[in-house]
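Chains as they are written, first to last, in the numbering used here: chain F, 1 to 216; chain D, 217 to 477.
One should not assume that every hint holds.
[Claimed, not checked] To spell it out: a stretch of chain D is covered by chain F in this simulated footprint if at least three of its residues, at any positions, have a beta carbon under 8 Å from a beta carbon of chain F; those stretches are:
1. 227 to 239
2. 248 to 261
3. 277 to 288
4. 346 to 359
5. 406 to 416
6. 434 to 441
No lab work stands behind these hints: they were computed from the structure. Each residue gets a CB set at the ideal place from its N, CA and C atoms; glycine is no exception.
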Amino acid sequence: MSATTPTATTAPITPGIAPSQTVGPFFLNCLLREDARRNVLVQPVTAGQRIRIEGRVLDGDGEPVLDALIEIWQADAAGRYHHPADTSAGTRAATPPDPAFIGFGRSGMDENGAYWFDTIRPGAVPFDAAPADQSGRMQAPHICVMVFARGLLNSLATRLYFADDPANDADPVLALVPAARRETLLARRVSSDGSGAVYRFDIILQGAGETVFFNF
Amino acid sequence: MITTIGAIVRGDREVFPPYLYDAYRSTIKRSPRLPLVDVPLTLSERTGPGPAISAITPEDADLTRNAGTGGEAIGQRIIVTGRVLDERGAPVPHTLLEIWQANAAGRYVHRADQWPGPLDPNFLGIGRCLSDADGFYRFLSIRPGAYPWKNHPNAWRPAHIHFSLLGPSWVSRLVTQLYFPDDPLHALDPIFNAVPAPARPRLIARYDHSVTEPEWALGWRWDIVLRGPDATPFEAPQSSQTSQTSQVSQAAATTAKEGAQ
Ligand SMILES: [Fe+2]
Numbered sequence: 001m002s003a004t005t006p007t008a009t010t011a012p013i014t015p016g017i018a019p020s021q022t023v024g025p026f027f028l029n030c031l032l033r034e035d036a037r038r039n040v041l042v043q044p045v046t047a048g049q050r051i052r053i054e055g056r057v058l059d060g061d062g063e064p065v066l067d068a069l070i071e072i073w074q075a076d077a078a079g080r081y082h083h084p085a086d087t088s089a090g091t092r093a094a095t096p097p098d099p100a101f102i103g104f105g106r107s108g109m110d111e112n113g114a115y116w117f118d119t120i121r122p123g124a125v126p127f128d129a130a131p132a133d134q135s136g137r138m139q140a141p142h143i144c145v146m147v148f149a150r151g152l153l154n155s156l157a158t159r160l161y162f163a164d165d166p167a168n169d170a171d172p173v174l175a176l177v178p179a180a181r182r183e184t185l186l187a188r189r190v191s192s193d194g195s196g197a198v199y200r201f202d203i204i205l206q207g208a209g210e211t212v213f214f215n216f
Numbered sequence: 217m218i219t220t221i222g223a224i225v226r227g228d229r230e231v232f233p234p235y236l237y238d239a240y241r242s243t244i245k246r247s248p249r250l251p252l253v254d255v256p257l258t259l260s261e262r263t264g265p266g267p268a269i270s271a272i273t274p275e276d277a278d279l280t281r282n283a284g285t286g287g288e289a290i291g292q293r294i295i296v297t298g299r300v301l302d303e304r305g306a307p308v309p310h311t312l313l314e315i316w317q318a319n320a321a322g323r324y325v326h327r328a329d330q331w332p333g334p335l336d337p338n339f340l341g342i343g344r345c346l347s348d349a350d351g352f353y354r355f356l357s358i359r360p361g362a363y364p365w366k367n368h369p370n371a372w373r374p375a376h377i378h379f380s381l382l383g384p385s386w387v388s389r390l391v392t393q394l395y396f397p398d399d400p401l402h403a404l405d406p407i408f409n410a411v412p413a414p415a416r417p418r419l420i421a422r423y424d425h426s427v428t429e430p431e432w433a434l435g436w437r438w439d440i441v442l443r444g445p446d447a448t449p450f451e452a453p454q455s456s457q458t459s460q461t462s463q464v465s466q467a468a469a470t471t472a473k474e475g476a477q
């Protein structure tokens with residue numbers, strides 16, 4: 001069959017943004033297959049302070065959510081994102097992103113009902129808020145977190161900050177969070193083994209101590 | 217069907233489902249009850265993980281044969297193809313799509329799926345591929361069956377394929393489901409109906425005879441539009457009219473929204 005010349009009547013129709021649907025209970029073999037899960041974000045040559053992030057996801061009854069999926073996205077130790085949109089304004093331009101660090105993690109729940117990541121403590125990154133922010137303000141070191149589970153019709157977006165970081169006081173996103181709820185975004189150092197600090201970050205979906213979730 | 221529909225929604229509330237939709241029972245204890253905090257898109261949300269998986273083989277997109285048994289899955293062969301697009305209709309190239317689905321009898325390979333539908337030793341129900349330079353993706357699979365679940369008496373999920381897309385940025389991350397047209401179970405499914413009615417058709421693939429291959433497989437087309445990093449933050453209408461969004465106006469919009477909720 002000969003191809004017909006595209007005309008205005010065959011212009012692509014954009015159907016509109018696709019709505020989300022729950023990840024359901026059966027994603028394990030796909031999203032958490034051996035080469036799809038990413039608990040370990042570091043390689044031996046990755047720059048930065050090694051940390052472990054661990055925690056549980058709790059429902060409105062305080063019960064652990066055993067079929068949740070956690071994904072994280074973070075900058076490298078110098079605060080560079082492994083992404084072309086990080087055009088590295090200012091002094092950070094001298095530092096290319098660490099080629100040994102992508103910054104993406106994906107974890108299910110282990111036999112103890114916990115997720116975990118072996119990663120590095122990220123550097124501070126520009127606020128650079130859309131549509132245009134010329135303030136040059138920086139954000140405190142943080143890790144973007146997304147929660148998926150059966151019963152979540154849309155993923156939940158939150159952030160992990162480090163409770164022991166004084167830069168939190170000037171963070172422009174934390175400043176938008178009601179003061180009484182900011183502590184739900186703070187990972188706390190619980191121990192330190194030979195390889196680095198361990199930070200605890202539980203995510204409470206509902207009820208007392210409910211984690212702050214974002215709309216963006 | 218009367219259901220409680222929560223007011224807490226991430227993204228456009230005319231498109232995205234609420235967290236609480238109590239006809240879908242699992243939302244009741246897992247949905248947040250406090251207002252979401254509106255934040256602008258910072259560099260952290262306008263960047264994202266890229267393809268993230270390096271070693272994808274062509275076999276990964278062929279669910280009829282990727283079980284590695286040498287045998288072929290039983291069922292009606294289907295080709296599912298389309299484009300990944302941003303909100304302006306531009307293609308999203310080289311992005312990861314991961315899919316999972318029940319077999320032709322409606323059974324998953326999963327320890328939590330124990331209903332007495334038959335398993336197919338030649339079907340794992342998982343696939344993945346990258347969109348090409350023009351945003352096109354393509355899977356070969358078999359048409360999934362409907363399956364029962366325990367949400368309510370005699371509950372059955374309509375036939376569907378789960379899709380996960382990374383997209384170009386953190387804000388574009390999407391997990392959703394593809395449905396097939398004219399399924400009488402749509403009207404009975406609280407997961408599908410949790411999406412606002414005008415947006416539900418966006419989740420339904422359409423039959424495309426130009427995709428169908430003679431004496432081989434039926435063709436289904438489904439384009440997927442992702443939120444882009446340039447998306448307007450979801451604010452009160454008056455604030456989206458202004459080109460400059462200061463932190464002060466963001467905070468004011470948050471307060472107004474909380475008041476509404
Ligand atoms: Fe399913």
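Any hints this thing doesn't respect? Which numbers, in order? 3, 4
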